[in-house]
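Asks: Line order of the protein sequences matches chains G and B. This note's numbering puts the first residue of the first sequence at 125, with every later residue one more than the last. This note's numbering puts the first residue of the second sequence at 729, with every later residue one more than the last.
Hint data in this document are derived by calculation from the structure and do not stem from the laboratory. Values in this document were obtained by computation on a predicted structure and should not be read as measured data. Glycine included, every Cβ here is placed at the ideal spot set by N, Cα and C. Please note that a few of the clues may not be correct.
Pair ranges (Cβ atoms, derived) [to be verified]:
1) B/G801 x G/K303: 43 to 51 angstroms
2) B/M789 x G/D208: 53 to 61 angstroms
3) G/K232 x B/T732: 41 to 49 angstroms
Quick partial rundown of chain G residues pointing at chain B, CB under 10 angstroms, derived from the structure [as the list claims (entries may be wrong)]:
4) E195
5) V197
6) S257
7) L258
8) E259
9) H266
10) F290
11) D296
12) G299
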Amino acid sequence: MFYDLHMHSCLSPCAEDEMTPNNICGMALVKGLQLIAVTDHNSVKQLPAVAKVAAGMGLKMLYGCELETSEEVHVLGLFAELDDAMSMQNWIDSVMPVIPNDVDYFGKQEIMDENDCLTGTEPRLLIVSLEASLEETIDAIHSHGGRAVLAHVLDRVNSVTQQLGFIPPGLDYDGLEVKNLEQKSRVLETHSWITEDSTEWFIDSDAHRLGDISEPENYMRDSVFRRLWGDSL
Amino acid sequence: MKITELIEKTGWKVLAGDPAASPDAEGVYCGDLLSWVMGNGEPGQVWITVQVHLNVVAVAMLREFSCLVIADGAEPAPQMLEKAAEEGLTVLASDLPVYETAIMLREAGI
């Protein structure tokens, strides 16, 4: 199935207002995707609405979040079950520094229902680093039943290679996210301890605007999905 | 400058390694973004950082730094200190922020 497992809703301050639950799911369908994940910064609060909309449209969904570790590395937590993803919020709250969001500077953090009606806003700034190391964050994702994917690993901002120099050997992640196949080759060339088959590889959009959601170009085999997330589809 | 002499002058605590066996200090490098440090550090420098991930040890060995100073009271995980000891990297602890820590190195004569 064609997928895009990294995109931001209007709950992320840096995403456009147009990234509402209905617009995201509608655009994913129009683009021809079969599987999506919405991954807001340090929050899962938009997921119940997106889950309802996706189910109504017949779109498959993983329930996600993009966590920022104390080293300022971005990690995706991707869950097969909505309840598991929602249970991450308690953990996030326990390690998130409370800094009020300056809406004028960072942008709005809006929570919606399945009709795209505003039901609340997140008053704490979401683009902050959690008081949890990369290892602790991956452990938390696993203990809540999710899979951990290191986000945009070669990006110049908030990637594991930028913050920590290289992908640590022995780190217990489930997948690596790159922007394209050339980046995947670069990761393999520079990390002798990583092979094509030693992890799963994902190419996602990291869309903050509707138009940036992936075209149907990145395909995941059902067997890969089942290995990581079971028979939940 | 010998690292043993540096410790006498600064009073910094030794968290790992053998100061007497460390390469002499020649200059200072400050940085927490490990990709940047990998690209710009020079052999023999004393590296001041608040980054405490295990990868710090690998970067310090790669750049052949003289020793590592963890500043601002940042607390390294036991695994990092074990790895540093294993690699023979001296790790010192300064309670002062990076800027004041760097000034102490200058005043010590590095």
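Asks: Does each hint hold? Answer for all of them.
Replies: Hint check:
1. Between B/G801 and G/K303 the beta carbons are some 37 angstroms apart, a value that contradicts the proposed interval 43 to 51 angstroms.
2. Between B/M789 and G/D208, the C-beta spacing of about 40 angstroms breaks the proposed range 53 to 61 angstroms.
3. Separated by about 57 angstroms at the C-beta atoms, G/K232 and B/T732 break the suggested range of 41 to 49 angstroms.
4. Restraint check, G/E195 versus chain B: the minimum CB separation of about 5 angstroms is within 10 angstroms; hint holds.
5. For G/V197, the interface hint holds, the least distance from its beta-carbon to any beta-carbon of chain B being 9 angstroms, beneath 10 angstroms.
6. The beta carbon of G/S257 is positioned within 10 angstroms of a beta carbon in chain B (closest approach about 7 angstroms), and the interface hint is therefore held.
7. Interface hint at G/L258: satisfied, since its Cβ lies 7 angstroms from the closest Cβ of chain B, which is below the 10 angstroms cut-off.
8. With a least beta-carbon distance of about 8 angstroms to chain B, the hint placing G/E259 at the interface is held under the 10 angstroms criterion.
9. The beta carbon of G/H266 is not positioned within 10 angstroms of any beta carbon in chain B (closest approach about 18 angstroms), and the interface hint is therefore violated.
10. The interface hint given for G/F290 holds, since its Cβ lies 7 angstroms from the closest Cβ of chain B, which is under the 10 angstroms cut-off.
11. Hint status for G/D296 relative to chain B: violated, with the closest Cβ pair at about 13 angstroms, above 10 angstroms.
12. Hint on G/G299 is violated. Least Cβ distance to chain B is approximately 20 angstroms, over the 10 angstroms limit.
Going through the hint list in order, the structure does not satisfy hints 1, 2, 3, 9, 11 and 12.
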